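Engineer: Listed below, chain by chain, are the residues.
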Amino acid sequence: MPNTYLDLVSFVPWTLIFTWLNLFILYSLIKKFLFKPVNNMLEQRKNEINTMYETAQQAQTNAEEMEKEYSERMAQAREEAGEIIKQATLSAQRREQEIISDAQEKAAIMTKRAEAEIAQERKKAYQEIKNEISDISVAIAGKMVQREISAADHEALISQFIENVGEV
Amino acid sequence: MERAIVLAASAIGAGLSMIAGIGPGIGQGYAAGKAAEAVGRQPEAKGDITSTMLFGCAVAESTGIYGLVVAMILLFANPLIGKL
Amino acid sequence: MAVEITGPKVLFTIGPVVVTNTIVTSWVIIALIVAVCYWLTKDLKPVPETKKQIVAEKLVSMVYDLTDSTMGKKWRNFAPYVAALFAYSFVSSMSGLTGVRAPTSDLSIILAMALVTFTMIQVTGIKAKGFWGHFKKFLNPLNLISEIATPVSMTFRHFGNIAAGVVITTLLYAALAYFSTVILNLIPISFIQQIPVLQVGLPAFLSIYFDVFTSFLQAYIFIMLTMVYVSMAED
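Residue numbers (this note's numbering), protein chains in the order written: chain H, 17 to 184; chain R, 105 to 188; chain W, 230 to 464.
To be clear, the hints were calculated from the coordinates, so they are not data collected in a lab.
Note that the structure is predicted; figures quoted are calculated from it, not measured.
Just so you know, even glycine gets a beta-carbon here, dropped at the ideal spot from N, CA and C.
Mixed in with the good hints, there may be bad ones.
[Stated by the list, open to error] Reference excerpt, derived from the structure (chain R facing chain W, CB under 8 Å, subset only):
#1 Met105
#2 Glu106
#3 Tyr134
#4 Leu158
#5 Phe159
#6 Gly160
#7 Tyr170
#8 Met176
#9 Asn182
#10 Leu184
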């Protein structure tokens, strides 16, 4: 039987059985060596991508929260800064006003004082001149007139004179 | 003598059975023509049309293949000689 | 000049067990397919680093796409059988290129494959509709005939195409050997006369059609018909 050629169209039952076995073995081996590893790997990839997405989502949420917080803080800080500047400006203005009014007051006081002094000086000078003039006039009058004049007339004349002088 | 007659008749029978090749020839030509028309109308569906046409042609070929198998049985695995 | 066109050769027998050369070739082919699968999926990583991993993924997804589109999502477990059937049929037919006898040109092997499909059709029908629900349609003898014609037509379609290629290739080789001796007989050296020079190169063009194109087409049709018939048996 070995090494004999069968007909082109021939049927061997043993070949049938062998082919069934072959097909079954090939099916199980292909399932084990091609489909199972690839499916496992795809499952793994799916899981990994899912975790990646979750992490990314979480990171994004965190970042958004942080951004919100930061912007809130920034706004707060800006407000505070504005407040501070405003207050500083206000106090500076107040101070300015104070300084100016102070200066004005002082200036006014000084002017007043100066005026008072001037007035006093003038009064004094006036008094002195009056005295001197009266003395001089008495002396001149005594010398020139050589006559008795009543003290009262005398006084009245001088006063009149001085008054005239003062008006000049 | 009988054997010679059976062999001659088998050879003639094998030749006659290949007349079955006419049918698939016409059918596949018709299918290919229709496919060419379809490609002309919708060139973007060329891949689908080609694969569908090949599938249809291969199925339509069955009758011709049956004729071929009968011819091959008559020529190479003649069951009639054993009946002598 | 006689041309011998024969079927498979009986390599050895163990008691009643007959082992033909097509079966031995099948074993080699199965080992080859499994080795390729093992090599492709040796170290898969979630992030593909090698080209062979992309090839493996592409293969698996192609088979899944095919079963999904022709049978529906619930038949996903069927995909490995489809892949096995296609790989076996295609590589077997292609092995004719190497000069060995293609397992698919053995009627018994194709018949076995078709009978597996036939059994699957019956089992699916019984599972879906119950024993009586499935078999009551055979009360009409025409249905019975068409049911039996299914594996027969599948067998003869595949076998006929590949065997026709074998026959034509054998005839062509014989013819080319004859013509080359006719030409080389002009040279009066008997050693040179034996060299079939015309056999080099010329049959390759025929092989492209009969071995590559037909192999792929018949393997594809076989799995398509299997999937269509099995999923049709449900309703």
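Engineer: Was the hint right that Leu158 (chain R) lines chain W, CB cutoff 8 Å?
Structural biologist: holds, 6 Å
Engineer: Once the shortest beta carbon distance from Met105 (chain R) to chain W is found, is it less than 8 Å?
Structural biologist: violated, 22 Å
Engineer: Go through the hint on Leu184 (chain R) and say holds or violated, using the shortest Cβ distance to chain W against 8 Å.
Structural biologist: violated, 18 Å
Engineer: Once the shortest beta carbon distance from Met176 (chain R) to chain W is found, is it less than 8 Å?
Structural biologist: Holds, because the Cβ-Cβ distance from Met176 (chain R) to chain W comes to roughly 6 Å (cut-off 8 Å).
Engineer: Does the CB of Gly160 (chain R) sit less than 8 Å away from some CB of chain W?
Structural biologist: Nearest chain W Cβ about 10 Å off; hint violated.
Engineer: Can the hint on Glu106 (chain R) be confirmed by a CB-to-CB distance to chain W that is less than 8 Å?
Structural biologist: Violated, because the Cβ-Cβ distance from Glu106 (chain R) to chain W comes to roughly 22 Å (cut-off 8 Å).
Engineer: Hint validation: Tyr134 (chain R) versus chain W, beta carbon distance must be below 8 Å. Holds or violated?
Structural biologist: violated, 19 Å
Engineer: Report holds or violated for the interface hint on Asn182 (chain R), using the least CB-CB distance to chain W and a cut-off of 8 Å.
Structural biologist: Violated: closest Cβ of chain W sits about 12 Å from Asn182 (chain R), beyond 8 Å.
Engineer: With chain W as the partner, please determine if Phe159 (chain R) meets the hint condition of a C-beta pair closer than 8 Å.
Structural biologist: Cβ of Phe159 (chain R) sits 6 Å from chain W, so the hint holds.
Engineer: Quick one, is the Tyr170 (chain R) hint okay against chain W at 8 Å, beta carbons?
Structural biologist: Holds - the Cβ of Tyr170 (chain R) comes within 8 Å of chain W, reaching about 6 Å at its closest.
Comparing the model with each numbered hint stated earlier shows that hints 1, 2, 3, 6, 9, 10 do not hold.
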